[in-house]
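Student: Residue numbers (this note's numbering): 192 to 455.
Among these hints, one or two may not hold up.
[What the hints assert, rightly or not] Derived CB-CB ranges, DEER-like:
| no. | residue 1 | residue 2 | range |
| --- | --- | --- | --- |
| 1 | R321 | G278 | 52 to 58 Å |
| 2 | L333 | V221 | 23 to 29 Å |
| 3 | R448 | Q223 | 38 to 44 Å |
Honestly, the hints are just simulated from the structure, not real lab data.
Owing to the predicted nature of the structure, the values given are computational and were not obtained by experimental measurement.
Quick reminder that beta carbons are idealized off the backbone N, C-alpha and C, glycines included.
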Amino acid sequence: MNIYFRVAKNTWDEMMTYRFNFMMWRIRNVLQLLTVYYLWVAVTIHNGHIFSYSRSLILTYVLGVSFIGSIVFSTRTQEMGENINNGELSQYLIRPLRYLGYWFARDIGDKFFNISFALAELTIVYLLLRPAIYLQLNGTMLILTVVAVILAVVMNFFIGSLLGLVAFWSPEVWAPRFIFFTLVSFFSGGLFPLDILPVSLQHIFSLLPFGYLQYFPITIYLGKVSSQGILQGFTIAIIWNIFLYFLLLWVWRIGLRMYSSEGN
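All chains, full assembly: derive it from the sequences and hints.
Tutor: In structure tokens, the structure reads:
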């Protein structure tokens, strides 16, 4: 366990060294946040409501989704594909650690770094814009929100790792990954609450994993999910995590049989 802690710490130190890419990532997030924020401000400017959301709820949703997205979607799994393509995977296979565990530790280090900046950014945005926001004071709901975020973090790691392992079969991993996560940011509720969609589509999205990456945690925080809905949501998210975990192990084992260490 100590070795994975050091891996996470080294990831933090690495990001402190190579700041430019990280800063561009954070600036992109802030610009996206402001775009979505002012869109919903304009939509609710007349009557203060949109669908089942008051202005304070929808603005809290926007800020909350931005923060959760900074935690969930910050990842280093894209480097797995690079390792496989350039042959560096061989170096990791002979080390006394699990390859997937190593990248999960890297993810954790990356996430803690992003969390610190996301908190600072949201604080500045709040102080400048002074939006009316909803504060959840129920301790149980706050704990359930944290649990939902943890499930989302694990799920996103499995998905990102699966996309990284595509490199066992194809040298082109960036384009599919970019397209996939662009769609995921939409279907996970990053731009709008999924419960404004028709009921039939809501049922479909409730069975897919994407809504549990952002939409589900923030709606728990906002108190818009019933006790039965929370139980059902956790059940589906856990089932998806179990499925993705075993799928990831299966793809990893098959990929290793095909790995030829080209380039190194």
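Student: Now, for every hint given, state plainly whether the structure supports it.
Tutor: Here is how each hint holds up against the structure:
1. For R321 and G278, the Cβ-Cβ distance of about 53 Å falls inside the hinted range of 52 to 58 Å, so the restraint holds.
2. Between L333 and V221 the CB atoms are about 25 Å apart, so this pair conforms to the stated range of 23 to 29 Å.
3. For R448 and Q223, the Cβ-Cβ distance of about 40 Å falls inside the hinted range of 38 to 44 Å, so the restraint holds.
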